[in-house]
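Sequence lines, in order, name chains A, S, B and F. Here the first sequence stands for residues 1 to 80, numbered as in this note's numbering. Here the second sequence stands for residues 81 to 828, numbered as in this note's numbering. Here the third sequence stands for residues 829 to 1116, numbered as in this note's numbering. Here the fourth sequence stands for residues 1117 to 1276, numbered as in this note's numbering.
Careful, some of the hints might be misleading.
Derived pair list, reagent style PhoX-like, types lysine-lysine, alpha-carbon separation capped at 20 Å [to be verified]:
id: 1; chain 1: S; residue 1: Lys272; chain 2: B; residue 2: Lys1085
id: 2; chain 1: S; residue 1: Lys272; chain 2: S; residue 2: Lys295
id: 3; chain 1: S; residue 1: Lys465; chain 2: S; residue 2: Lys382
id: 4; chain 1: A; residue 1: Lys17; chain 2: A; residue 2: Lys35
id: 5; chain 1: S; residue 1: Lys476; chain 2: S; residue 2: Lys465
id: 6; chain 1: S; residue 1: Lys352; chain 2: S; residue 2: Lys295
id: 7; chain 1: F; residue 1: Lys1188; chain 2: B; residue 2: Lys1030
id: 8; chain 1: S; residue 1: Lys142; chain 2: S; residue 2: Lys352
id: 9; chain 1: B; residue 1: Lys1030; chain 2: F; residue 2: Lys1125
Bear in mind the hints are in silico, worked out from the structure with no lab data behind them. As the structure is a computational prediction, the values presented were derived from the model and not from experiment.
Here are the chains, one letter per residue:
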Amino acid sequence: MVAVHLWSSLTRFTDGKRVVEVPGVTAGELLSGLKAAYPGLGPVLDGGVSVVIDDAIAPSLHTPVPDGAEVYLMQRLKGG
Amino acid sequence: MAKDEYREFRLVGTRPDRPDGLDKVTGRARYGADMTAPGMLWGAVVRSPHAHARIVKIDTSKAEALEGVKAVVTRADLPTGLTGEDWDLQENTLAGERALYDGHAVAAVAATSALIAQEAARLVEVDYEVLPHVTDVDAAMAPDAPVIREGAADPTVPEGMHPNVVKYFAFDHGDVEAGFAQADLVMERTYKTEATHQGYIEPHACLGQLGSDGKGEMWVCTQGQWFIRRMCAAVVGIEAAQLRVTPSEIGGGFGGKTTIFMEPLSLALSRKAGGRPVKIVMSRSEVLRATGPTASASMDVKIGMKKDGTITAGKATFRMQGGAFPGAPVDMALYCAFAPYKMPAVECEGFDVLANRPKCAAYRAPGSPMGAFAVESLLDEMCRKLGIDPMDMRMKNAVREGDRAAYGPKFGSIGLVEVLEATRAHPNLSIPLGLNQGRGIASGYWFNHGGETSVSMAISEDGTAQVSVGTPDIGGSRASIALMTAETLGIPYEDVRVNVVETGALGVNEPTHGSRATFASGKAAVEAAQHAIKEMCRRAAAEWGIEPEAVEWVDGAAQPAGPNAGKFPPMTIAEIAGKMGSTGGPISGHHESVPGGVGESFGCHVVDVEVDPETGGVKILRYLVVQDAGRAIHPSYVEGQYQGGAAQGIGWALNEGYIYGEDGRLQNPVFLDYRVPVASDLPMIDTVIVEVPNPGHPYGVRGVGETGITPPLPAIANAIQAATGARLTELPMNPPRVLAAIKAAKAG
Amino acid sequence: MRYHTPQTFEDAARIAAAAQGVTRFLAGGTDVLVQMRAGMVQPDDLIDLKHIPGTQDIARTEDGGWRIGIAVPGIALGGHEALCADWPGVVEGMELVGSTQIQGRATLAGNLCNGSPAADSVPGLITAGAVVEITGPAGTRTLPVEDVPQGPGRTALKPGELVSAIILPPRGDYGGDCYLRFIPRTEMDIAVVGCAVNLRLKGGVIAEARVALGAVAPTVMLVPEAAAAIVGTALDAAAEEALAQAATAAAKPISDKRGTAEFRREVAGVLAKRAARIAFARAKGDTA
Amino acid sequence: MSKIHVTTKVNGDPVEFLADPRETLLDCLRDRLGLTGSKEGCGTGDCGACSVILDGRLVCSCLVLGVEAQGKAVETIEGMAQGEDLHPLQRKFIEHAALQCGFCTPGILVAAKALLETNPDPTETEVRYWLAGNLCRCTGYDKIIRAVMDAAAELRGEAA
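Please construct the entire structure, taking both the sequences and the accompanying hints into account.
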């Protein structure tokens, strides 16, 4: 299980939980796990999020999540 | 070729002439409006004069009857059934039931000349039922504000919020209240920033052609040809691969040319005109009224600080309107606002709000300048109150590798401390100031972005190399990519030609945005070159009859990896290339990925101003930009990014801004009154390139394009307070506002 | 649109008088072409005056003043040393109109006839006591410059009439003038406030003065009270303050995209003071 | 609307075109003569991207009618280099990286050439004010000013 840190306004969909433990060894599996545990998150996550594994944004849903990694969700980043 | 002092590299870090320089100083370079095609028609767009109005009826008969008119399109000519962002794009391309802002397109015409097209556009009769409008972000959240679009909110918005709030976002960590309790000084202020425009000098222009077979082509000035392809295909209802989009040279973008505006209209008009190509060139007023400016913002910030300058907690609530569609960068603004500081506790909340203004687009570090204006202004005021040197405060709280960012995760390798040290050491900080003069300091941050990237390269018969990239060259990226490719291949810079290619030539590329061209296309070009090197080593190995692993690539030639590999003279790239036809065929390399390892970039700016106490006029005396580039591939163009970003930030701070009248119409849709800095407004802009290499890039590159626009807004506000004692909390800080603030400060 | 290139002012007036639709005269074109481009004006007849002999000339009049052709661009005024020596305030007003490129085209007559309250060259012409020669279907007449503007975009010219020359009086001794404007940037803006001062000294004291303000009323305005505040003084601090107050009091500005009414009133006083100082120094013969 | 036959000289070459009297000189250069080096950035004389020299005088070609060019001489960016030899300003712009997107560059080069022909030794301030009508949004002007000053020095025969 991996602890995924959510931003605070997502806790509305997670019964108030800020950190959600989900199974998975890739960024994509974590997102699927989150949606399975809390279906209300689905539309928000599908709208586009960045999965940050330790200090780097995962470039792919297949990016592996190492044991003990710190995982944060962030808004999808864009630029000018 | 000037070579800067250090260098473990042969080419990286030198300053050769840019490959497209000759074309651009002789007028030969072809931009969006410079292309013509046989049988070409000219398009013109009919735009709403109202901020908000129901479109009762559009009568195109008079326009159609005009001699020379070949097509008129309205929303009825576009497919239905689009959803989400595609629907937003289509609605913004041509209004459906309602015009949502002054300048919103409602119809378009194509004719045999530009003058006939303009005449025909005037003959299109539109009946409007004018509706109440709102253009200010705070007013748009007021209980009695007109609702721009029912049901536009996305699932992030909790029930009960104002219907104009379409996205809601919050993050926090730590105990903010406890942080404030520990502080010796807690201050709270509200800041407002006005919408600005990227102000690229080249108006949008395209030449589109679409046949009844669904196959089309487009020549267009854009930061991203694949974005144009996908968006246009969706809006006009064709298959993406059937549309071939060729990017012209681009006359500036800064984020504003990452999306579509009138481009689909050229295709829709062409389709209706029997496939004749249609050229549409926007006027400057169309650009300002109806392309994608920034959001405007209203921001509350509260910060706690100890006497020694330690920040204990920060709280921010940002409200932004990005026009009549979702997309204001309120999330990015909040992420960046506290990024340069170790924050024991933060609480941030953001609202994306609809208003009757054009759909905002990205602009250089979208959101970051607004957030910095609020936070860096307040921090400066607090330093002033506590008698702390603002550089000391920045150093004391600066984030380092491994520190937790205000927005959550930990930072990897970053160069903020190095930037601050270089700033402190700069001679500009010790120049004495005179009467009515003041110095302001501020930091800025941008993430940077990887994005979908596809690059291919091929070795030519003579041992030179061509690189095909999908990121249009806005500010010298051909030069930086050629430098990295040549460095990797071990050949002269002049032996590499970098081509920006059309959509048919590569896999999908994201635009030149997010400071990514030199990072992402550069990284992919290096990978592609490595791919080719591997093949060239294999060919040499086959020639020598040794194992490929026993061959290494040194200075543009294959050579045995050591004495055990055999004794052969180096085989140069030209020798290998010269006979590639008989050794296995063409040698090429390619790379497709979403590159990870993006390097964030921090900057710190120092500005000296002089304020005329009788008129409120602000003169920039000197300006310093210090920023981490990771590694500067072509230092001149890195400096150029720093200087250009600073100039845009100075404009935003002082005189730029959208001015809407009571009627909701844009009052300053010309450069006469949309006041971008002119040459005589600015001093030389001093730069220091700090290099803390990004471990995620083969040459250490961090994107450098965006951070530079962020610090000027607060740095100038801080300098004005230093000069006059007056604190401005609203942009632009134009002379009437500055004079009023000086008088208010004097009054006590 | 019909494009005419008359060879005399009389022909130009005849064409204009006979025209049925929208008519515009073309000298420098820096306003007309912008308006055409924006679709604000679509002339049926455009009468290009630059083919009329003398329109490009700057000539001394018999009494020692100046006759300036209506197609003389700003850059030619600035390049005319004797004119600059006589009327630096008039020339600097014109030179503030737009960029170097605009200076290659824009004219005093055009700036005046455009009827903008913010026209940079008009306050200087007014304080100089310039008059315009007007040619029309009924012959020629003259009119003081201050009587030409009648409101934003409106002038005292009757249908078929056009300005055929601008005439500056002789400078005379111990005179000095100056025009200053306030803009948010350093160049390229329309004046938020403009102020011209022209004065003559007698024994170190201001014997005559004229003060005009731009962009603070529907037309550029002459402000006799402001002039009265400095006449009889050597422009000491009290006189400067009285001048500033008179200018501020006379200003009747509006708030718009270029500035607030409050700001304009205040800055009108500031500019009056500063312009008077320069005019005073010039009158004394300082090379300011 | 009937068109007017215009005979003029562009970069020393005699040319003719038919112009609608509403068309600007910029329109005619670009669309009638194929000289697309002059750019339209604003159409109101505020950006200078269309700068040309008309009978020796620097103007915005968007504020000149095509028909006004009758009998005159027009110099555009396309005539700045002499064959293969770039004008020193053009060389210095490349050398100093005084362009990013390059869209304003033709107008700035034409304007700077006009400056150096009237004032071979301008101060930085003089260069900045002369070029105030040429907007550049990419560079912050720094490298442009340096390139112009350096080209001026070279033209004066001073070592750069």
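Structure-based check of each hint:
no.	hint	result
1	S:Lys272 - B:Lys1085	holds (18 Å)
2	S:Lys272 - S:Lys295	violated (47 Å)
3	S:Lys465 - S:Lys382	holds (15 Å)
4	A:Lys17 - A:Lys35	holds (14 Å)
5	S:Lys476 - S:Lys465	holds (17 Å)
6	S:Lys352 - S:Lys295	holds (13 Å)
7	F:Lys1188 - B:Lys1030	violated (50 Å)
8	S:Lys142 - S:Lys352	holds (17 Å)
9	B:Lys1030 - F:Lys1125	violated (55 Å)
Checked against the numbered hints listed earlier, the structure breaks hints 2, 7 and 9; every other hint is satisfied.
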